[in-house]
Amino acid sequence: MNLMEYQGKELFRRSGIPVPRSQHCTTPDDVAAFIGKHPGKWVIKAQVLMGGRGKAGKIKFASTPDEGRKAAAEIMATPMPPNRQNPDGEPIHSVLVEETLDVALESYCAISVDRTTKKPAIIVTRYGGMDVEEVHEQHPESFHTFYVDTAIGYSPFIGRELAFKADLDPGFRKPFPAVVAGMYDLFFTYGATLVEINPLILTKDGRVIAADAKVTLDDDAVFRHPEFKEWQKSLPLDADETLAAQAGLGIRNFRTFPGNVGTMANGAGLAMATMDAVKNAGGEIANFLDVGGGANAERVRNCYELVVNHTGAKVFFINIFGGITRGDEVAKGIVEALKTTKARKIPLVIRLTGTNEAEGRRILKEAGMTPVETMDEGAARAVELAR
Amino acid sequence: MSIFLDKNSKVFVQGITGAEGSYHTGRMLAYGTNVVGGVTPGKGGQTTEHGLPVFNTVEACVDATGATLQCIFVPPAGAADALFEAYEAGIRFSVCITEGVPVHDMLRVVGTTPGMRIIGPNCPGLISPGKSSVGIMPGHVFKEGNVGLISRSGTLTYEVVDGLTRAGLGQSTCVGIGGDPIIGTTFVDCLREFKNDSQTRAIVICGEIGGSDEEDAAAFVKEHLAGMPIVAFVGGRNAPPGKSLGHAGAIISGGFGTPESKIAAFQAAGVPVADRPSQIPAMLAERMASVV
Numbered sequence: 001m002n003l004m005e006y007q008g009k010e011l012f013r014r015s016g017i018p019v020p021r022s023q024h025c026t027t028p029d030d031v032a033a034f035i036g037k038h039p040g041k042w043v044i045k046a047q048v049l050m051g052g053r054g055k056a057g058k059i060k061f062a063s064t065p066d067e068g069r070k071a072a073a074e075i076m077a078t079p080m081p082p083n084r085q086n087p088d089g090e091p092i093h094s095v096l097v098e099e100t101l102d103v104a105l106e107s108y109c110a111i112s113v114d115r116t117t118k119k120p121a122i123i124v125t126r127y128g129g130m131d132v133e134e135v136h137e138q139h140p141e142s143f144h145t146f147y148v149d150t151a152i153g154y155s156p157f158i159g160r161e162l163a164f165k166a167d168l169d170p171g172f173r174k175p176f177p178a179v180v181a182g183m184y185d186l187f188f189t190y191g192a193t194l195v196e197i198n199p200l201i202l203t204k205d206g207r208v209i210a211a212d213a214k215v216t217l218d219d220d221a222v223f224r225h226p227e228f229k230e231w232q233k234s235l236p237l238d239a240d241e242t243l244a245a246q247a248g249l250g251i252r253n254f255r256t257f258p259g260n261v262g263t264m265a266n267g268a269g270l271a272m273a274t275m276d277a278v279k280n281a282g283g284e285i286a287n288f289l290d291v292g293g294g295a296n297a298e299r300v301r302n303c304y305e306l307v308v309n310h311t312g313a314k315v316f317f318i319n320i321f322g323g324i325t326r327g328d329e330v331a332k333g334i335v336e337a338l339k340t341t342k343a344r345k346i347p348l349v350i351r352l353t354g355t356n357e358a359e360g361r362r363i364l365k366e367a368g369m370t371p372v373e374t375m376d377e378g379a380a381r382a383v384e385l386a387r
Numbered sequence: 388m389s390i391f392l393d394k395n396s397k398v399f400v401q402g403i404t405g406a407e408g409s410y411h412t413g414r415m416l417a418y419g420t421n422v423v424g425g426v427t428p429g430k431g432g433q434t435t436e437h438g439l440p441v442f443n444t445v446e447a448c449v450d451a452t453g454a455t456l457q458c459i460f461v462p463p464a465g466a467a468d469a470l471f472e473a474y475e476a477g478i479r480f481s482v483c484i485t486e487g488v489p490v491h492d493m494l495r496v497v498g499t500t501p502g503m504r505i506i507g508p509n510c511p512g513l514i515s516p517g518k519s520s521v522g523i524m525p526g527h528v529f530k531e532g533n534v535g536l537i538s539r540s541g542t543l544t545y546e547v548v549d550g551l552t553r554a555g556l557g558q559s560t561c562v563g564i565g566g567d568p569i570i571g572t573t574f575v576d577c578l579r580e581f582k583n584d585s586q587t588r589a590i591v592i593c594g595e596i597g598g599s600d601e602e603d604a605a606a607f608v609k610e611h612l613a614g615m616p617i618v619a620f621v622g623g624r625n626a627p628p629g630k631s632l633g634h635a636g637a638i639i640s641g642g643f644g645t646p647e648s649k650i651a652a653f654q655a656a657g658v659p660v661a662d663r664p665s666q667i668p669a670m671l672a673e674r675m676a677s678v679v
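So the sequence lines, in the order shown, correspond to chains A and B. In this text, residue positions in the first sequence follow this note's numbering: the first is 1, and each later residue adds one. In this text, residue positions in the second sequence follow this note's numbering: the first is 388, and each later residue adds one.
Treat the hints with care, since some could be wrong.
[Said to hold, decoys possible] Which bits of chain B does chain A cover? Going by a derived footprint, with three or more residues having C-beta under 8 Å, they are:
1) 494-500
2) 566-580
3) 592-601
4) 654-668
[Claimed, not checked] Pairs of lysine-lysine, DSSO-like flavour, derived with a Cα cap of 27 Å:
5) Lys165/A with Lys119/A
6) Lys609/B with Lys518/B
7) Lys518/B with Lys397/B
8) Lys530/B with Lys119/A
9) Lys118/A with Lys582/B
10) Lys118/A with Lys609/B
11) Lys345/A with Lys279/A
12) Lys394/B with Lys530/B
13) Lys55/A with Lys279/A
[What the hints assert, rightly or not] Computed beta-carbon distance windows for the label pairs:
14) Ser142/A with Glu647/B: 47 to 57 Å
15) Gly431/B with Ser142/A: 56 to 66 Å
16) Thr189/A with Ala451/B: 33 to 43 Å
17) Ala406/B with Pro258/A: 32 to 42 Å
18) Glu531/B with Gly16/A: 49 to 59 Å
19) Ala343/A with Gly413/B: 29 to 39 Å
20) Arg173/A with Asn443/B: 51 to 61 Å
The hints are simulated quantities; they were obtained by calculation from the structure and are not laboratory data. This structure is a prediction, so every number in the text was calculated from the model and none was measured. All residues carry an ideal CB built from backbone N, CA and C; glycine is no exception.
Let's have the full structure, built from the sequences with the hints guiding it.
What follows is the structure, given as structure tokens:
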């Protein structure tokens, strides 16, 4: 789960990473009231997951309650416009009111999970405040990485070494190891797969502060922090993710595409191979759907209705290879789902093999359905029926 | 020979009294796997429906049965704990079937258990056909032979193996390494074992988009397995970039992990890449025939 800036900064605060003074507000009046109580120069930032807020005019400055109210109202009046990163745009439900800082220099620091070394990777570059991919194109040599041995954990020398290697300004050097210590602490304490500070700034009066916060939490670790459930509920899902969640699937288990061959398989690998098979047979896929293990009647019915009601599918190709999923249970699920669904009927092509396949096929045949033998055969049949 | 697993492997099941643990213990026994017992805290002293002893701790299980290989079916929150418990009890081989194990738990486990071979998590396990199966693979699809197979996906593995078996190409060992970001055993770890295995005379690599395990495997093949007949497959070619499909493995990010990058890496290593799983047996047979 990706966190909003204000949520990331809340975790920064808890982990001892210095952040600007700020207040999270959900209405323009709240903004005005806050500035009324705390006179000064404030920056008002839209709280969204997508980037490009500055360019979209969603970051404004205010020095009086009235300016604050007006700025917040303008920011929240329209959603974030679509960009390359998010072609749907994103609604704005809240803003962060934050102290303005006198910036001297900007740098970049992040921790993420490195799959190859199987270690946390700490990445630093002296170029901050820009899109990190752009920096990577323009100054690839400026990036320095330390892979942390988890048996030892973080120690301040790591931060010192990185600060010297990346040639951070001397003003950064002394506080930097403690900032990274906080990031490392956050990374493990909250199960963050990404902790990114861009920019990490040096103020003219010599303070080092995280001016932005990008944090991604491992969905599989949220159970350890029940307080995140509320955040999880408040975060925006896209249309496909919403539908998947409503159908009782994982939010990554369903994606729609413009084609007319609906697909469903058990396991992401087979589901992707099923899409590839449809493409190879000359068809256009309507969706990706990984039904997961234990495909009972209710789950199959939900998936059937998901595809029939929310994609352009003219045919539904079900491709099940039984391992942990038992063929007879899936077959019962399919038969029961079709009996009980109120959605319109579209032709089915079923491929069912693996654990308890004989029993599964018998159940399907008794219900008047004829399973196909192979994935290629099923894909070809489905593409033909979709024409 | 086969790799990792043979008839002598003495297996115990962590979570043996749970629904999945119990069901798959039965299937493993039916396949001929030497399952010697299991662990469920609080149920020590009981006997399972299969007639196997249940222990409260891994230590007690190992002491009483001489088990050498752990197979984990516990819920995600307990998986790392089960791995640490096994490590402390002297176990150096574990297969973790559990899906949804927190990434940071695995970071800690792999960083602090030197010398331990962990397959998974979020994997279907491994099988040396005709000898032993640990995990959840449907045994009847497999047949003993000379093809080693490694895959990041469960069901896609069965799909590919089914094709090999129908074409008369049996398997030495098939390993489902799992689809999570942090896994104990990579393609390269398996390739290293296959290289030294007298039974394995050809290899199938079933990769998918995301990560860089396929690129690493291609580099290893180029360096160390030049004479071995190998065919690769890369699933998810029609997945749009930036969208995550299903499990964590299938995410394209940056330039790495794209299907193009993986296919190019394999081709540069002289490994042909099948367009569809059904082409793999014929492509592999052709490569095997050209090796004297």
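Structure-based check of all given hints:
As drawn, the region 494-500 of chain B meets chain A at 5 residues by the rule of a beta-carbon pair under 8 Å; at three or more, the given contact holds. A stretch counts as covered by a chain when three or more of its residues have a beta carbon under 8 Å from one of that chain; for the region 566-580 of chain B and chain A the count is 3, and the coverage holds. Check on the region 592-601 of chain B: 6 of its residues sit with their Cβ under 8 Å from a Cβ of chain A, so the three-residue criterion for coverage holds. Counting residues of the region 654-668 of chain B whose CB falls under 8 Å from any CB of chain A gives 4; the rule of at least 3 is met.
Restraint check: the Cα-Cα separation between Lys165/A and Lys119/A comes to about 20 Å, which is no more than 27 Å; the hinted pair holds. Our distance criterion of 27 Å between C-alpha atoms is broken by Lys609/B and Lys518/B, whose separation comes to about 31 Å. The hinted pair formed by Lys518/B and Lys397/B meets the criterion: a straight-line CA distance of about 12 Å does not exceed 27 Å. Using a Cα cut-off of 27 Å, the hinted pair Lys530/B and Lys119/A is violated, with the two alpha carbons roughly 37 Å apart.
Pair hint Lys118/A plus Lys582/B holds up; C-alpha atoms about 23 Å apart against a cutoff of 27 Å. Under the criterion of a C-alpha separation no larger than 27 Å, the hint pairing Lys118/A with Lys609/B is consistent with the structure, at around 23 Å. Distance hint between Lys345/A and Lys279/A is fulfilled; the C-alpha atoms sit about 23 Å from each other, no more than 27 Å. With a C-alpha separation of about 15 Å, the suggested pairing of Lys394/B with Lys530/B holds against the 27 Å cut-off.
Using a Cα cut-off of 27 Å, the hinted pair Lys55/A and Lys279/A is violated, with the two alpha carbons roughly 39 Å apart. Separation of Ser142/A from Glu647/B is about 27 Å and departs from the stated range, judged on CB atoms against 47 to 57 Å. At roughly 58 Å, the beta carbons of Gly431/B and Ser142/A sit within the given window of 56 to 66 Å. The supplied range of 33 to 43 Å is met by Thr189/A and Ala451/B, whose beta-carbon atoms lie about 38 Å from each other.
The hint said 32 to 42 Å for the Cβ distance between Ala406/B and Pro258/A, and at roughly 40 Å that hint holds. Look at Glu531/B against Gly16/A: about 58 Å separates their beta carbons, and that is inside 49 to 59 Å. Look at Ala343/A against Gly413/B: about 37 Å separates their beta carbons, and that is inside 29 to 39 Å. The supplied range of 51 to 61 Å is met by Arg173/A and Asn443/B, whose beta-carbon atoms lie about 53 Å from each other.
Checked against the numbered hints given earlier, the structure breaks hints 6, 8, 13 and 14 and satisfies all the rest.
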